[in-house]
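Student: Dock chain S against chain V, hints included.
From first to last, the protein sequence lines are chains V and S. Residue numbers for the first sequence follow the working numbering, beginning at 1 and rising by one. Residue numbers for the second sequence follow the working numbering, beginning at 1 and rising by one.
Derived by calculation from the structure, the hints in this document are not laboratory data. Please note that a few of the clues may not be correct.
Note that identical chains are pooled: a pair holds if it fits in a single copy or bridges any two copies.
[Said to hold, decoys possible] In the DSBU-like style, the derived pairs of lysine-lysine whose C-alpha atoms are separated by at most 35 Å in a straight line are:
| # | residue 1 | residue 2 |
| --- | --- | --- |
| 1 | K265 | K345 |
| 2 | K55 | K265 |
| 3 | K333 | K55 |
| 4 | K207 | K55 |
| 5 | K93 | K356 |
| 6 | K138 | K207 |
| 7 | K93 | K333 |
| 8 | K333 | K207 |
| 9 | K55 | K345 |
2 protein chains.
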Amino acid sequence: MKTESAFIPSGGITSPEGYLAGATSAGIKYTNRPDLGILLSEAPCMAAAVFCTNKVKAAPVILSAQRLQDGKARAVVINSGCANACTGEQGTKDAVEMAELTARHVGVAMDDVLVASTGVIGTLLPMERIREGIPKVKLTADGGHELARAIMTTDTVPKETAVRAGDFIIGGMAKGSGMIHPYLATMLCFLTTDAGVDADYLGAALKEAMDISFNMVSIDGDESTNDMVLIMANGRAGGKPVVPGSRQAEVFQQALNKACVHLAKAIARDGEGATKFIEVNVSGAASVADARLAARTIVSSSLVKAAVHGSDPNWGRVIAAAGRSGAELEADKLYLEIGGICLVKDGAPVPYDNDKVVKHLNGDEVRIDLKLNVGSAAATAWGCDLSEEYVTINSEYTT
Amino acid sequence: MKTESAFIPSGGITSPEGYLAGATSAGIKYTNRPDLGILLSEAPCMAAAVFCTNKVKAAPVILSAQRLQDGKARAVVINSGCANACTGEQGTKDAVEMAELTARHVGVAMDDVLVASTGVIGTLLPMERIREGIPKVKLTADGGHELARAIMTTDTVPKETAVRAGDFIIGGMAKGSGMIHPYLATMLCFLTTDAGVDADYLGAALKEAMDISFNMVSIDGDESTNDMVLIMANGRAGGKPVVPGSRQAEVFQQALNKACVHLAKAIARDGEGATKFIEVNVSGAASVADARLAARTIVSSSLVKAAVHGSDPNWGRVIAAAGRSGAELEADKLYLEIGGICLVKDGAPVPYDNDKVVKHLNGDEVRIDLKLNVGSAAATAWGCDLSEEYVTINSEYTT
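Same shape as in the complex, but just chain V (with noise of 0.2 Å):
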């Protein structure tokens, strides 16, 4: 068995064994871009997700969670252009007749279908697309990238990956853009694997690597209504199944880790308005959840975030949201780095060379590195730079 992962150029949510994808332009947004598809799994799979915390939840995700308490699901329909949020029971009505209508189009029973949608809040989906449109999703074999395009909103990219480990392939595609914030799962993202993986485990896996991935990713500090982030285990790779505490499974989830880093940093990169990537790496913290705070809090500074806009080397911000955060830290220990160029030490600033600082922030990769010096752990956040243009795309959202 092979234990190292690496990425197929060009793969995406149908490399592995045993799915096929395929969307359609349903008009949905009132446009000709594709705005309808559906994922399929040919053979039955055990299926796990997490979906937004937030208090408002739209009516697929609370569909999606109810059919999700048996561990399985085969298909998901999915939408962009409507969120079919706060839409009351008319709502409800229509996540369900969107099952019920993809259920019949691709032949499997209703409780396996799930429902995901993205767009805007307030807005009934307008179901006689939706029943013109369903039949017309071709499901292919490699219709991943397809149902890829279909899920962009405001994304500029589709966001795709896979990665081959041992026996198996884990396949994965993401939305994000705008109101994408740690601990709220915070955009669409599906992940599909020919492994064969229980349940119940699936679910933990799926945790751990969100930990370190689309929780360490801000781009505004809002979150969604919508959020749901899906994996789907067929076992068509035909291996022995993963079981939890094997050495297959530490192959399973660093493969999965790898999966799901790779979408998160797509998302930060495709922020709303961004011009630049930003990774913030804390270490020697007291502990990974205080890494995880303050680098996730550094990310998501707005003052810390038009600095990098600006290439301004204006590193007492970052100094402050550590200082905000939570974090235990002692300020005349803290050591930072931009570009690798040491700015402060012991907390106090220390000569360096200015033109090379603004020649890194002028880059589209900005790497800011925080030393707490506390303790042993660390934790890597990303995000991306706030530019007048995210201001433009939000005035302008709905009208």
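Tutor: Relative to the frame of chain V, chain S by itself:
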């Protein structure tokens, strides 16, 4: 005794009896704008303050907190243009020297002088300019306006107030703009009164006023290393001393609340790049803590702020922000008005006159009312829209 409080037109920090203030252009900002000033009480004062909770505290914050342990202060020296934060031992020495120079200049004991600084983090104070500047500060009985100008950074207008109630007056001035956020004091604010108030009670009254004023304002979610809200009481009005539980205390608290709310709203109105003032009222909450949490989360949401900026009635963002706030709520009980026009009832959209809502959003004061309908507690928060200008200002702050 009059029980009603009233604003004093053009009042400020030197409106109460026995206070002097003044400022000078010391060149800390390398411009001709005033950037250094002093507030002095002619008589001994009880004093109380709230400082930022950021774990990285600037030298003047640490020094002032120490000197206030005895509940007394006579003078404050304040500079803008440099925060004296993350400046190590030299920063501490510089803060002490500022206090010494001031004590000598105004003729009070060194322990009775507090220090406050605001500006860029991580730069040492230009001490020669400060040594030259302090003796040049002329203290006068109407110098409050001058001092209110000297503490401005990116503020576009000075923020001052004075309230007369009963026998006494409360005066105040503040600076705000960026980095304003609940529970981090987040700004400089100085309050004076000629009422006689015990230091312990003064602190309690200040905290109560802050909970409904400065702690309910959010500009960008960031928080500073230098924030400080100080109140001084010199008893010069000659009335009975204010003791807890008395009718006098009630009058004092109301007047203090009024002054603080006035300054807090002025800070929100003058947020960096702000073009609109936003007031969010949350009612029907299970507790006051919940109402405050929901109101603050809504007014802090980048997506809500951007929508208001673009006059986009994207009410789903208000609901989503409330949903993630942590406040107890039930999605199907929510009732939402924007500018007095109902958009959501029982958690679902209702037909509304879009032109009327857009017209309200096009104004410079936007009002959002959300009823949770799960209890009877209420709270109000203030903020401003998120504009392209905010990004521009904060991309270019140090450079």
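Student: Go through the copies and call it for K333 and K55: within, between, both or neither, with a Cα cutoff of 35 Å.
Tutor: For K333 and K55, the Cα distance is within 35 Å only across copies (12 Å; inside one copy 39 Å).
Student: Could you place K93 and K333 in one of the four classes (within, between, both, neither) given a Cα distance threshold of 35 Å?
Tutor: between (57 Å within a copy, 19 Å between copies)
Student: When no copy is specified for K207 and K55, does a C-alpha distance of 35 Å or less occur within a copy, between copies, both, or neither?
Tutor: both (20 Å within a copy, 30 Å between copies)
Student: I want to check one pair: K265 and K345. Are their C-alpha atoms no more than 35 Å apart within a copy, between two copies, both, or neither?
Tutor: Classified as within: same-chain Cα gap 29 Å, cross-chain 39 Å, threshold 35 Å.
Student: First find the shortest C-alpha distance between K55 and K265 inside one copy, then the shortest across copies, and answer within, between, both or neither for a cut-off of 35 Å.
Tutor: both (27 Å within a copy, 29 Å between copies)
Student: How would you label the pair K55, K345 (within, between, both, or neither) given a Cα cut-off of 35 Å?
Tutor: This pair counts as between: shortest inter-copy Cα distance 17 Å, intra-copy 43 Å.
Student: Between copies, within a copy, both or neither: which fits K333 and K207 at Cα up to 35 Å?
Tutor: both (33 Å within a copy, 32 Å between copies)
Student: For the identical chains here, do K93 and K356 meet the 35 Å Cα criterion within one copy, between copies, both, or neither?
Tutor: between (58 Å within a copy, 31 Å between copies)
Student: At most 35 Å between CA atoms: does that hold for K138 and K207 within a copy, between copies, both, or neither?
Tutor: within (32 Å within a copy, 63 Å between copies)
The earlier numbered hints are all upheld by this structure, with none contradicted.
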